[in-house]
Amino acid sequence: MDAPAPGRWQMATVEQVRQETKRAKTFRLALSETSRHLAGQHYVVRLTAPDGYTASRSYSVASAPDESARCIEITVERLEDGEVSSYLHDVIVPGDRLEVRGPIGGWFVWRGDVPALLVGGGSGIVPLMSMLRLARRSGRSDLVRLVVSVRNQDELYYANELPGPETTVVYTREAPPSGGRAPGHLGEADLRQALLPEATAYVCGSSGFADHVTGLLARLAVLSERIRVERFGPTG
Amino acid sequence: MSFTRGFKGRGHAERDARLPPGQYDVGSDWPVLTAEATPNLATSSWTFAVEGLVRHPVTWTWDEIHALPPASYEGAIHCVTTWSKFGVRFGGVSVDTLLAQAEPLPSATHVVAHSHTGYTTNLPLEDVTGGKAWVVWDCDGRPLEVGHGGPARLLVPYLYFWKSAKWVAGLRLLDHDEPGFWEVNGYHDRGDPWLEQRYQGD
Numbered sequence: 422m423d424a425p426a427p428g429r430w431q432m433a434t435v436e437q438v439r440q441e442t443k444r445a446k447t448f449r450l451a452l453s454e455t456s457r458h459l460a461g462q463h464y465v466v467r468l469t470a471p472d473g474y475t476a477s478r479s480y481s482v483a484s485a486p487d488e489s490a491r492c493i494e495i496t497v498e499r500l501e502d503g504e505v506s507s508y509l510h511d512v513i514v515p516g517d518r519l520e521v522r523g524p525i526g527g528w529f530v531w532r533g534d535v536p537a538l539l540v541g542g543g544s545g546i547v548p549l550m551s552m553l554r555l556a557r558r559s560g561r562s563d564l565v566r567l568v569v570s571v572r573n574q575d576e577l578y579y580a581n582e583l584p585g586p587e588t589t590v591v592y593t594r595e596a597p598p599s600g601g602r603a604p605g606h607l608g609e610a611d612l613r614q615a616l617l618p619e620a621t622a623y624v625c626g627s628s629g630f631a632d633h634v635t636g637l638l639a640r641l642a643v644l645s646e647r648i649r650v651e652r653f654g655p656t657g
Numbered sequence: 000m001s002f003t004r005g006f007k008g009r010g011h012a013e014r015d016a017r018l019p020p021g022q023y024d025v026g027s028d029w030p031v032l033t034a035e036a037t038p039n040l041a042t043s044s045w046t047f048a049v050e051g052l053v054r055h056p057v058t059w060t061w062d063e064i065h066a067l068p069p070a071s072y073e074g075a076i077h078c079v080t081t082w083s084k085f086g087v088r089f090g091g092v093s094v095d096t097l098l099a100q101a102e103p104l105p106s107a108t109h110v111v112a113h114s115h116t117g118y119t120t121n122l123p124l125e126d127v128t129g130g131k132a133w134v135v136w137d138c139d140g141r142p143l144e145v146g147h148g149g150p151a152r153l154l155v156p157y158l159y160f161w162k163s164a165k166w167v168a169g170l171r172l173l174d175h176d177e178p179g180f181w182e183v184n185g186y187h188d189r190g191d192p193w194l195e196q197r198y199q200g201d
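Protein sequence lines correspond, in order, to chains A and B.
When the letters of the first sequence are read in order and numbered with our numbering, they come out as residues 422 to 657.
When the letters of the second sequence are read in order and numbered with our numbering, they come out as residues 0 to 201.
Incorrect hints may appear among the rest.
Subject to a maximum C-alpha distance of 30 angstroms in a straight line, what follows is the list of computed DSS-like cross-link-like pairs (lysine-lysine) [to be verified]:
#1 B:K7 x B:K131
#2 A:K446 x B:K131
#3 B:K7 x A:K443
#4 B:K84 x B:K131
I should point out that these hints are in silico values taken from the structure, not numbers from a laboratory.
Keep in mind the model is a prediction, meaning the values are calculated, not measured.
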């Protein structure tokens, strides 16, 4: 179970920047020191000003573990008062270099071998996407069910890649015209249909979202030792 | 040191000297970061135990621990996710008071704090003695909220806040170091924010 210590600080080169939604961008980073991550782990990005001032924030890896371990993708939501996220959004272009460290975390990880229920709120989908991508690439989509809750279509990350028999999108405010489910908060029924026997639940989102989902899981008799939670604070 | 192109930092000219390296002041917010589901613990059945390498293992009920001499801490707390919060007032009991009743054996060098949820974190004994650690149930004059570890949590404010176990159930004294929940998951064994001991190897 133990996770190895994260690597040292290293310079990564930004290879690609993609607009994910109006407020989110995905950055593809080429690492100088390769280290294969586990689905669910994160990297720290550190910015250094000319006077030595630094600001660092943690960002979940969205890409699946990569055999070559050469690249990672992080998806960053632009927060209005976010010192790091606004810099990444407003300044960073391909070719830039960023100081990063990771991969970090050994708890909120899925190793691709047990049934998993992945529940994300908004940007909380990012580490879960790494897990879904791993499952699909290793031909084990039967092991995972992903439920993501967003306000509307505009806020859905990875919208083109997401659809599949193992994924459900819950719209809380405004559903697309073709959608079968009326807009509304994520409920017990949304999770029950996605709950595989013996599944470990991975819940990622705001603190309020995490509390709501763990409450629903308790009502569905999911044992607390089968629930792993990652909450987003103001990570700016 | 390599600089980041175009990054100047925001308003750090008057950077607060109370901020350890790499931390920022979160102001009046208090982010909730927990890896588990939030438990619902009744104070009527709550207990706190000191056991392991002690002369007298002791378990206190909610009423018994409240009957001990009160102690408080006012100051900063520092989370490894880079936020710090200043001027927080906690009320409870000093770990020194609890250990004085249990009487650690001379062989005890470390403690594992464990929670009612199963969470664990390890600390050198010297980091929880000498007025450096508390079991607290009040925050800013009100009962500690469950999201922040209520009814009671450990408070070791001089180390990163994951050492301040929420929903704390007890301390086990050992003659060796035994990495806890985050420590086996890549985080530092000691976690001194002033030395930026965030991850294993720092």
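Please name the hints from earlier in the document that this structure breaks, with their numbers sorted from lowest to highest.
Failing hints, ascending: 1 and 2.
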